[in-house]
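Protein chains: 2
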Amino acid sequence: MITVVAKSVLKDGKTEEFKNLTKELIEETRKEKGCIEYILYEDIENEGTFTFIEKWEDIDCLKAHFESAHFKKLGPQLGELRKSRDLNFYKEA
Amino acid sequence: MITVVAKSVLKDGKTEEFKNLTKELIEETRKEKGCIEYILYEDIENEGTFTFIEKWEDIDCLKAHFESAHFKKLGPQLGELRKSRDLNFYKEA
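Which chain is which? The protein sequence lines are A and B, in order. To convert, count from 1 in the first sequence and add 4; that's the working numbering. To convert, count from 1 in the second sequence and add 4; that's the working numbering.
The shape of chain A in the complex, shown without the other chains:
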């Protein structure tokens, strides 16, 4: 299993737009082969900081996700709302 932690710090005032766009991404991604968990978290102290925590069966499923139509459509749109991003791929230690 592979765990992805993808943190986004948004540009000012982009929180609602980000939340709306991620709704479709979450709905479609959860249907994908090998997607065990795909949850969006919102920082309780810092407005506009969000993190996806994702669990995938293996790296091939994750690669397929990056090639999916919904990711290719929504990924760049979400990218426009972001000030910075931090992306890591993990295994349980």
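Careful: at least some of the hints might be erroneous.
Since the list gives no way to pick out one identical chain from another, each pair is judged satisfied if it fits inside one copy or across any two copies.
Taking lysine-lysine and the DSS-like style, the derived pairs with C-alpha atoms no more than 30 Å apart in a straight line are [unchecked claim]:
1. Lys-15 to Lys-37
2. Lys-95 to Lys-76
3. Lys-27 to Lys-15
4. Lys-59 to Lys-15
In case anyone wonders, no lab produced these hints; they're calculated from the structure.
Got chain A sorted already, so can you dock chain B onto it with the hints?
Here is chain B on its own, set in the frame of chain A:
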């Protein structure tokens, strides 16, 4: 529920020491009141990058964790091994 994501980037050559110290921390923390999940992840691409993903029933349980004997003992020792830290507190979006 509150989700904590605590990322550590270690100083060079500190991986084994970090893993050994976290063993006791994980064992003791999982016994704490309100600790739903407390898992250490290791970056599969970047040596020396680790992230705890923690789920707590509420903020009071988390505060009690920060005051626990094992955290007060091991926290500073782990801090010595770290180059940088990124700590966020989340709710599900």
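>> Reference check for the pair Lys-95 and Lys-76, CA-CA at most 30 Å: within, between, both, or neither?
In response: both (25 Å within a copy, 27 Å between copies)
> Are the CA atoms of Lys-15 and Lys-37 at most 30 Å apart within a copy, between copies, both, or neither?
Replying inline: Answer is neither: 32 Å inside a copy and 37 Å across each miss the 30 Å cutoff.
>> At most 30 Å between CA atoms: does that hold for Lys-27 and Lys-15 within a copy, between copies, both, or neither?
In response: within (19 Å within a copy, 38 Å between copies)
>> I want to check one pair: Lys-59 and Lys-15. Are their C-alpha atoms no more than 30 Å apart within a copy, between two copies, both, or neither?
In response: both (27 Å within a copy, 27 Å between copies)
When each numbered hint is compared with the structure, a violation occurs for hint 1 only.
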